[in-house]
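Please arrange chain G on chain E, whose structure you already have, making use of the hints.
The residues making up each chain are set out below.
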Amino acid sequence: MKKLINDPADVVSEALLGVEAAHGDRLRIDHEHKVIYRKDAPRHGKVGLISGGGSGHEPLHGGYVGLGMLDAACCGEIFTSPVPDQMLAATSAVDGGAGVLHIVKNYTGDVMNFEMAAELAADSGVQVRSVVVDDDVAVQDSLYTAGRRGVGTTVILEKLAGAAAESGRSLDDVADLAIRVNQAGRSMGLALTSCTVPAAGKPTFELAEDEMELGIGIHGEPGRSRVPLASAREAAQLLVDPVLADLPYGTGDSVIAMVNGMGGTPLLELYLMYGEVHKLLEQAGITVARCLVGNYITSLEMAGCSVSLVKADDEFIGLWDAPVNTPGLRWGV
Amino acid sequence: MANDVDLDRFIEWLRAFAGAIHDNAAELTELDSAIGDADHGSNMDRGMRAVVAALGAGEFDTPAALFKKVGMTLVSSVGGASGPLYGTFFLRFGGALGDGAVDAATLGDALRAGVEGIVQRGKAEAGDKTMIDAWLPALEAYDATQADGIGPALQAAAEAAAGGRDATTPLVARKGRASYLGERSAGHQDPGATSTVLLLEAAAAALG
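Chain order of the listed sequences is E and G.
According to our numbering, the first sequence is numbered sequentially starting from 1317.
According to our numbering, the second sequence is numbered sequentially starting from -3.
Extracted from the complex, chain E is given alone in its bound form:
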């Protein structure tokens, strides 16, 4: 294992020291609970937005704390859900009287821990609603699994729901919007390499030089199938086809599109991939209204990428364009 770390046990807490040193003007860190807050939280009358999950997906979620996105992000150990104490502390701290929305990616541990926290928060009198993101089309048979995983759509959802909350909409309104974003979003990813969890010290799975893993999640877990390494053109097709077929998206639709790097793929290749994806969408008669290309929801140093599409109407696009000022996304300010 070659990593720029001091001790595998301290990776998350030491990274938070760095976040504080870098962004202390805008963010506040609760080191005990490993929660990143917007410095001006709670905002009176604004719905509080919190998310969280295992670390290792940066900039998700901590990088999306700030004006127009999240009020707080709870950082778990690497690839491990945060615990209810953390979400409970964050929920109380960001409640400005208008209630709190929990944005949860659909993983067994995350859902259970957020559920326990929501129960405890409700006992303490804070109004909480939750949205569970489950956009990964690689998981086909939801009846016989823990359901689809929450992946790339989470980024877009945090942006849109964050803008809605910032504009003063009510908790139910923001929560219902978040549910609609999730319903309109689909993602699919592939990996060229595995990744190494510092505490484990070696790659989570082995992948030969001439293979790639299709339908991966974001935790270094193996995907649905192992296929021969393909060209970017073929790989784009392998990602876009199942996404388009699933919603389905059709001629005349507009989308917010994201080509996301898993952490170890250069931006050069991501833009090359975006070009291929854009072409396929054009051929399908789909307009890309807005796009993101870069590392937005990662899996440590895994090489590979994912494609996310959110079918977008004027409301979504208006919320997308609203000002945002976070370490991970910044425009309009």
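Honestly, the hints are just simulated from the structure, not real lab data.
Every residue, glycine too, gets a C-beta built ideally from N, C-alpha and C.
Among the hints, erroneous ones may be present.
With a cut-off of at most 25 Å between alpha-carbon atoms, the simulated SDA-like pairs for lysine to any residue come out as follows [unchecked claim]:
id: 1; chain 1: E; residue 1: K1518; chain 2: G; residue 2: T165
id: 2; chain 1: G; residue 1: K64; chain 2: E; residue 2: S1440
id: 3; chain 1: E; residue 1: K1319; chain 2: G; residue 2: A21
id: 4; chain 1: E; residue 1: K1595; chain 2: E; residue 2: D1569
id: 5; chain 1: G; residue 1: K119; chain 2: E; residue 2: E1431
Which stretches of chain G does chain E cover? Using the computed rule of at least three CB atoms under 8 Å from a CB of chain E, they are [stated by the list, open to error]:
id: 6; stretch: 75 to 81
id: 7; stretch: 169 to 176
id: 8; stretch: 197 to 203
Leaving out everything else, chain G in the frame of chain E:
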């Protein structure tokens, strides 16, 4: 028939379980890396160390108070799915022990209450390739041998759990992260069922 279990023996059980988790942490993580996210051993080890620290720091009047502390400690230190699942198990287990002497029947009822908590939290059923596949045969074996006393009943439960654990290997996972692998999850032993066997083996050694 073995004596009733007292507070000291429960503490001995928890220490033995913490030791077994620590000794097997690498194997648990290895199993989890095949079909999950490579953290079951390290997470459980962190949680049980926190439990041992809490045992050293606190005084407990009743088994119920002890296991409440254990459950809350696990929930707040393990993370993942194992934290809520093991935490809920101990909370319900402790809650069902009551204030009186813990005989074989009471212990059996408490184990069942704990497992019902796991089922409620995780919504897994038999054959989903989870810790439930170790627990269900263990409860059955315990009930069948309960008349012989706590020691033999826990021994039988641990052996049945090991059988259940081994039987998870060919199964296709339907809950937890392993379920995302579909058919490819077959051929690997479930990490949660594996740590469950450690819990019952420690119980047989400490409480029997």
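Which earlier hints turn out false for this structure, listed by number in ascending order? 8
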